[in-house]
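There are 2 protein chains.
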Amino acid sequence: MSSTQPKTYESIAPKRVAFLGLGVMGYPMAAHLLLSGHHVTVYNRTPAKAQAFLAEYGHTQRVKTATTPKAAAQGAEVVFCCVGNDHDLAQVILGDEGALNGMDPHTLLVDHTTASAQIARELFEHSIKAGIDFIDAPVSGGQAGAQNGLLTVMCGGKREAFELIRPLAMAFSKACTYMGDSGAGQLTKMVNQICIAGLVQALSEGIAFGMKAGLDMNVVLDVISKGAAQSWQMENRGKTMVADQFDFGFAVDWMRKDLNIVLQEAQKNGAKLPVTALVDQFYADVQDLGGKRWDTSSLIKRLT
Amino acid sequence: MSSTQPKTYESIAPKRVAFLGLGVMGYPMAAHLLLSGHHVTVYNRTPAKAQAFLAEYGHTQRVKTATTPKAAAQGAEVVFCCVGNDHDLAQVILGDEGALNGMDPHTLLVDHTTASAQIARELFEHSIKAGIDFIDAPVSGGQAGAQNGLLTVMCGGKREAFELIRPLAMAFSKACTYMGDSGAGQLTKMVNQICIAGLVQALSEGIAFGMKAGLDMNVVLDVISKGAAQSWQMENRGKTMVADQFDFGFAVDWMRKDLNIVLQEAQKNGAKLPVTALVDQFYADVQDLGGKRWDTSSLIKRLT
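Quick note, the sequences are listed as chains W and Z, same order.
Here the first sequence is numbered in the numbering used here, starting from 2 and rising by one per residue.
Here the second sequence is numbered in the numbering used here, starting from 2 and rising by one per residue.
Bear in mind the hints are in silico, worked out from the structure with no lab data behind them.
Do not rely on the hints blindly, as some may be mistaken.
It does not matter which identical chain is used: a pair holds within one copy or between any two.
Only pairs whose alpha carbons sit at most 20 Å apart, straight line, appear in this in silico EDC-like list of lysine to aspartate or glutamate [claimed, not checked]: (1) K273 <-> D217; (2) K71 <-> E126; (3) K16 <-> D97; (4) K273 <-> D223.
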């Protein structure tokens, strides 16, 4: 079912945790928590995924499924969450059957969804009133990072709460860093997505130009990746862009969701994002070309 | 005078070479050719720089100065050139006192100027008529790369001629690669500059956004440079951008010169460069802010 790759886990005392949301990210993240020794109760809006998780990992005797977030959260010391967007998040955490209604005081709630800083702060306030600490903890590294347990986790909230969840989050990450007060994790993820958006467009323009100029772009990419034009995107996406391959990676629909969050935050804080806003519109073109599920590097499809 | 750093040179038979243009790039490049064992005759439009070169390296007994490109080229087996732009290049190579009028048949002419593909092809044709092989060989790596002898050289022209000049060019480079027919070196450099322009703008938007959001941007850059937003620019310019330092590196005026070449070539080959064109205009804003000599990372100054 999953492609979760076991890794060497830090040895920590087993906890009772819940994981809400078994999507392409959540499923392997929950699996790493389980494989590192914890007891995991899983919940997913579509129950079949929770059943699949139980079928794959039930032999450990440490997996349970729950039919509501509230039920999953009952008895958990830490509740992890990774869902689609602000709206899903409010439902899963704040709804009548949401996690907060099931959690005990003095427990921890960790959200890995890429969401707005505002919802992060709202969830923080709701949690504090219930005696629960909330950490906004969006991740980068994509599906491969989740499967290999090598995500980067960016955390906002109280530092003491961060220190408690860090050893657990290391089960599925290579770095888990405290970024500041509630919302700072989400804001850091926004900076990440801003840097990627314009960068991928620049790489697309460079490759499309080189192809029109008749250059052997595989050689060109090898040469220029030795210098000041180098980027992770160039090294990991350049040649698949030249080969017109986009059926993998981080989907355009998700990138537009993230850029929408970014552009709304920029409306509030006054940051100027002329190229980010333009690239968001270019991604709308890619969606129209049939590329909703294509990797973000498909920006080049508008140019070739 | 110079900050040329000696390096370990490949051992090759000493040649008589000329170097035309002792700017911030040409001066250390000529010095590396000299230090690797060749006899070097230098020419510079402003004679004081040639005199300075003689003063610094005359003790080797292998330096001469010349007062015209033609005089410098006489007797040289290979003539290297690194000047400002297409116009300077035409003067230095094709003028009455230009290099081609002094060169013997069966010698080699190598141009390291970042220039248009069109002038490269014109110089190639003029050279061929005189029985001389011409290689367009723009470099990347900047002033530091030139000083440390670690440039990347992108070559266009006949492959046999490239094979002859590669061992000499390795005196000032870490990589010297054949990219294709005449003009292919310049076109490769254009791809490089396209990739950098939009990338630096994306990085600028990300950092400016993060600063407005109140994040500790040095921590943010450490975290996100571990993932898909990573770039040479982020690792080498991110923290100086946060610190508002731009008095080094590759100047905005030079970048606009290069982007002008890029945009003219795109007019010819039909490549679409929406973000590159926009960033060129943003650099015009930076010039107006007093940033003609600032590093290209100063794009962020428009946003903060």
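Results of checking the hints against the structure:
no. : hint          : result
1   : K273 <-> D217 : between (37 Å within a copy, 19 Å between copies)
2   : K71 <-> E126  : within (18 Å within a copy, 77 Å between copies)
3   : K16 <-> D97   : neither (26 Å within a copy, 84 Å between copies)
4   : K273 <-> D223 : neither (33 Å within a copy, 23 Å between copies)
Consistency with the previously given hints fails for numbers 3, 4, ordered from lowest to highest.
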